Every structure is written in C-alpha cells, then in structure tokens.
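Student: Sequence lines, in order, name chains A and B.
Here my numbering is used: the first residue of the first sequence is 1, the next is one more, and so on.
Here my numbering is used: the first residue of the second sequence is 1, the next is one more, and so on.
Hints listed in this document are in silico derivations from the structure and should not be mistaken for laboratory results.
Every value quoted in this text rests on a predicted model; they were computed, and no experiment measured them.
Where a beta carbon is used, it is the ideal one built from N, C-alpha and C, also for glycine.
Errors might be hidden in some of the hints.
[Stated by the list, open to error] Label-pair distances were calculated between CB atoms; the ranges are:
hint : chain 1 : residue 1 : chain 2 : residue 2 : range
1    : A       : R95       : B       : A51       : 49 to 57 Å
2    : A       : S136      : B       : T115      : 41 to 49 Å
3    : A       : A98       : B       : R106      : 21 to 29 Å
4    : B       : D96       : A       : D180      : 18 to 26 Å
5    : A       : S193      : B       : P46       : 40 to 48 Å
6    : A       : A143      : B       : T115      : 40 to 48 Å
7    : B       : T137      : A       : K153      : 34 to 42 Å
8    : A       : L146      : B       : G163      : 34 to 42 Å
9    : B       : H110      : A       : T149      : 39 to 47 Å
10   : B       : H110      : A       : E94       : 19 to 27 Å
[As the list claims (entries may be wrong)] Calculated cross-link-like contacts (lysine-lysine; reagent style DSSO-like; alpha-carbon spacing at most 27 Å):
hint : chain 1 : residue 1 : chain 2 : residue 2
11   : B       : K167      : A       : K73
12   : B       : K167      : A       : K198
13   : B       : K44       : B       : K26
14   : B       : K167      : A       : K107
If you want the building blocks of each chain, they are given just below.
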Amino acid sequence: DIDAILADEELIPCTSLFDFNLLAALDPDGTSHCPHDKTEQRTDGESAPNERRALTYLPENSRIKVPLYAIEKWAMLGFVRLQLPRHFGRKARERYEADPGDADLRKRNERFFLAGQRLVNLIESSSTVVAKALTSMPRWRNARRLAHTQALKQLSEEARDLRRTLLKTYAGERLRKNFDWSQSSGGADDDVSIYLNKLTEMERRLYYTGASAVTDLEEWKLIGNRLLLMGPANVNNRNNMMTPMPKDDRSETDRSGNKRSVTPGEEEQPLGQRRRLE
Amino acid sequence: NAEPFPLFGTPYQQDVGPFMAGVDTKVPLWLAKTLHQRQLAQIKLPEWLDAAKLDEVLQEERDGSLLSQKLPYYYYEIARSLDFCMPKASQIVLQDLIAMRSDKLRQHFHALSRTDLQEQHYNDDEDEDAAANELPTIVVSGIASYEINKVGPFLQRAFSDYGFLTKRSVDGDRSAGKKTGGAEATDTGDSSTADDDKMSQESRKVSMARSRLRRFRS
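Modelling step: build the complete structure from the supplied sequences, incorporating the hints.
Tutor: Structural data, given as structure tokens:
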C-alpha cells in the first residue's frame, strides 16, 4: 500500500532514553556530543579516537526526529520516548476542532489521517508494552520508573485525544463538504482545484469516488445503455432485425470476410415483421 | 387463430405472443418497447407513473422523514425507458420526486455526520463492545437503484475510512501497508489469552534489551 509507506515517512520527534554510540548523525544540531572543552585540552595523538567517539556519540535525553517506520522498533523496545509532531499537538488539535472545514491539512501532511492513525496506534502499543516492562524494573530505580510511567501516561492521553480529533475532523464538517462537492460536481470540466488543494489523499479519493459515480449516472442519463454490437458470426444473418440491411448493398461478407453477391430471392424477404395478425 | 410468431425471424429466438388486437396483455418492458417501435402495440403506462399517483408519493416524501416505499426499485430506469410515452406532467413530478429523495438522503447523511459519527469515539474508553455493536447507520428503507448508484459508492468508501480510523491497533499486527476498512469486531474471548502471551513476550524483550544496555553503559 503506497499510501501507508508514504505515511510512514512522517517525522516523529522523540527523546532518547539511553546513550547511543555512533548515532550522532541523528541529531545534527546537537552540541553535547561534541564537547569543545575536552578537545582543546587534549594535545597528544591518543586523543583522536576519543574525540571521534565523542563526535559520534548521541547522549541520553537528546531530542531527535526520526521517520515513523524507523522509530517503530525502538519505541516498542522502550529506547526512546515519543512525542507528537507539532501539527498533531494540542494547539493544532484545538484549531482543527474549532474550524475543521477550512483547515489546510494537506499542507501539514498529504496523508494526514493515515499518518496520525499509525502514530496513535504506535504510541498505544508501545506505551502498553513498555509500561508492563517497567513493572519489572528493580526497586532502587523507583524514581526513574515513576518518571517514565508518568511520561507514558501523559503520552497515552495525548494519543487518545489525537484519535478523537482525527475522527472528529474527518467525520464532521469536512465529510459533509466533501459529500456536497462530490454530488454537485458537474463532471471533468468543472474546476474544483480550489477545494481539492486542501484535501488529504484519503479525502481526495473519497471525493473522486463520489464524483465519478455522479458523472457515470449523468452519462447514463444522456446515452443510456450501450448498443449491443453484433459479432462477425451474425453479419451474414439478413433476417436479424436489429440492424436493417441497406437495400442498395448487393453484397455482404461471409464468415471468412469475403464479399459475396446476393441472390434476387433473398432480397424479397421482408426486413421487418409487418405481418397482419389474424 | 393467432399463433406465436418469432420476433426476430430466426429459428434460434423464442417466439412471442399470440396477442389479440384490442386486448390488454402484460409483457416485459423490452418486448413492449420493441412492439411499440414496430407499431404493433401501444404501451399503457403503469399505475404508479400516473401524474396523480406520483403527486401522492411526492406529498408523502415531503411529509415524512423516511423515503417512500411506494415506488418500485427501478422506478427511474422504467420511467426513463418509457419517457417517450409519458405525459409532461408526470415527467415534471418525477423530477421533483428525484430531487426530493436525493435531498432527503443528503440531510440524513449530514445529520449522521453531525451526531453519530462524531460521538462514536467517546465510547472508546468505557464500553468498547457496546460501541462496536452500535455502528452509525442511516435508515434508507425505500431506497431505489438510482439513489444507490448515486450516493452508494461515496457512502461505502466514507464508512470504510471511518471504520479504519476507529479501528484500534492489535499488538504485533501493524505491518506496513496494512489498511483494513470497516469496524472489524475482534473476537475478544479467544484471542485475549493469545494477546496476553504476546504482551508478556514483548515486555520480556523490552526488559531484556534495557538490562543489556544498562550493563553496557556501566
């Protein structure tokens, strides 16, 4: 499913819960993994490997942004603490709930609903799993465990709110507008790009489904059912009343496609069945 | 002594008739149109296509909140086929009827969107089974083929997407590209123990990974 693959590219901000070696590239703006004081003090050649290790070192509590597909495993293992991206955050959610019809969701993410749904599912799954694992932590790490549990609880609540907002935004004014636009679209000639530019991929597909149904119906109203075309086997059949044979055409094609002449006796047979009923 | 006659003049076609001149006979629509085209018969319109009857149905549509069930399922297709012999009054009333019914469906859908579709998620914390059983519905008794073809594809897809957004993830069942529509009712009875096992396996993995990391750090 190409939509799911593209939705998984959503960048998720997260905080590392451990030190990670060789992953400093994940945080290109971070300075903690490149301690300038330590490098200045070293003067001998033996410091070079330490310096290199420091440069590739991603410390705990680093804030990084990783695509959803890449962070999934780490989230399930509890290596990182997830956060919601800005356009899924509390302020954004309040804006969507206040005026869902005019929100330009496509600008945030073309697959806004799909990405949001996958993120919510990931947060819910990972929170459950990690919370269970935290119960097995040793007692002397109670403070850390409590802090982590509190953060997970807060994140789960945010995820639940996000799920509600996604549903409310999709099923509310936007859906009604989509229905009205698709049912009243005049066909391919109408320019609806002003409306479509604000829709996510899911909503666009829904619009096209509705609009094409209406267009097909209008086409059927004008043209009706298609005429049944005869196959080559019936071309010779002069008694077939569906296609009247032209009187001047004295030749017709046989099954092999060769023309043959018509005998006078055959011409006298009436094409229509205009008999008097007795 | 009238006898059935082959309509298409070939031995392969079924014979039709016999018909008596001046005697009303019920025949399929396609045969009636064919005989009419060949000026062999006159079509008598069905009762429900009478302007007065259609007016009654229109009034019923105006007064009631649900769709009228007095029209046949293929009322539009039949009316369109017999358009050439329908009086103008009937055609006008039929057009009004079609517009009224379409608008009614639109209003029902709007009402559903304003209420049920948005309230559904408030039940997700407490009684999930009850929420799953009470799916949002529109009453469309009396709907005809015309309306189904017009709004059916949109509604089908909309409900499918809605079901997707209300569906909760199952642990270990989030493979990339998996998108299922409709509110799938999970069998909580049999799979609860399997889910518990999966959860305990996952949590064991998590705690083992974390302890390994701690040891590495120290």
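Student: It remains to establish, for every hint, whether it holds in the given structure.
Tutor: We went through each hint and held it up to the structure:
A hinted range of 49 to 57 Å holds for the C-beta pair R95 (chain A) and A51 (chain B), which are about 53 Å apart. Between S136 (chain A) and T115 (chain B) the beta carbons are some 45 Å apart, a value that agrees with the proposed interval 41 to 49 Å. Roughly 25 Å separates the CB atoms of A98 (chain A) and R106 (chain B), a value that falls within the hinted 21 to 29 Å. In this structure the supplied range 18 to 26 Å holds for D96 (chain B) paired with D180 (chain A), their Cβ-Cβ distance being about 20 Å.
S193 (chain A) and P46 (chain B) have their C-beta atoms about 45 Å apart, which keeps the hinted 40 to 48 Å range intact. Distance hint check for A143 (chain A) and T115 (chain B): the Cβ-Cβ separation is about 47 Å, which falls inside the suggested range of 40 to 48 Å. Checked against the hint of 34 to 42 Å, the pair T137 (chain B) and K153 (chain A) passes, with Cβ atoms roughly 35 Å apart. Take L146 (chain A) and G163 (chain B): their Cβ atoms lie about 38 Å apart, and the range 34 to 42 Å holds.
In this structure the supplied range 39 to 47 Å holds for H110 (chain B) paired with T149 (chain A), their Cβ-Cβ distance being about 44 Å. Between H110 (chain B) and E94 (chain A) the CB atoms are about 24 Å apart, so this pair conforms to the stated range of 19 to 27 Å. With a CA separation close to 21 Å, the supplied pair K167 (chain B) and K73 (chain A) stays within the 27 Å bound. With a C-alpha separation of about 25 Å, the suggested pairing of K167 (chain B) with K198 (chain A) holds against the 27 Å cut-off.
For the proposed pair K44 (chain B) and K26 (chain B), the alpha carbon gap of about 10 Å is at most 27 Å, so the pair holds. Between K167 (chain B) and K107 (chain A) the alpha-carbon distance is near 25 Å, which keeps this suggested pair within the 27 Å criterion.
In terms of the numbered hints stated before, the structure departs from none.
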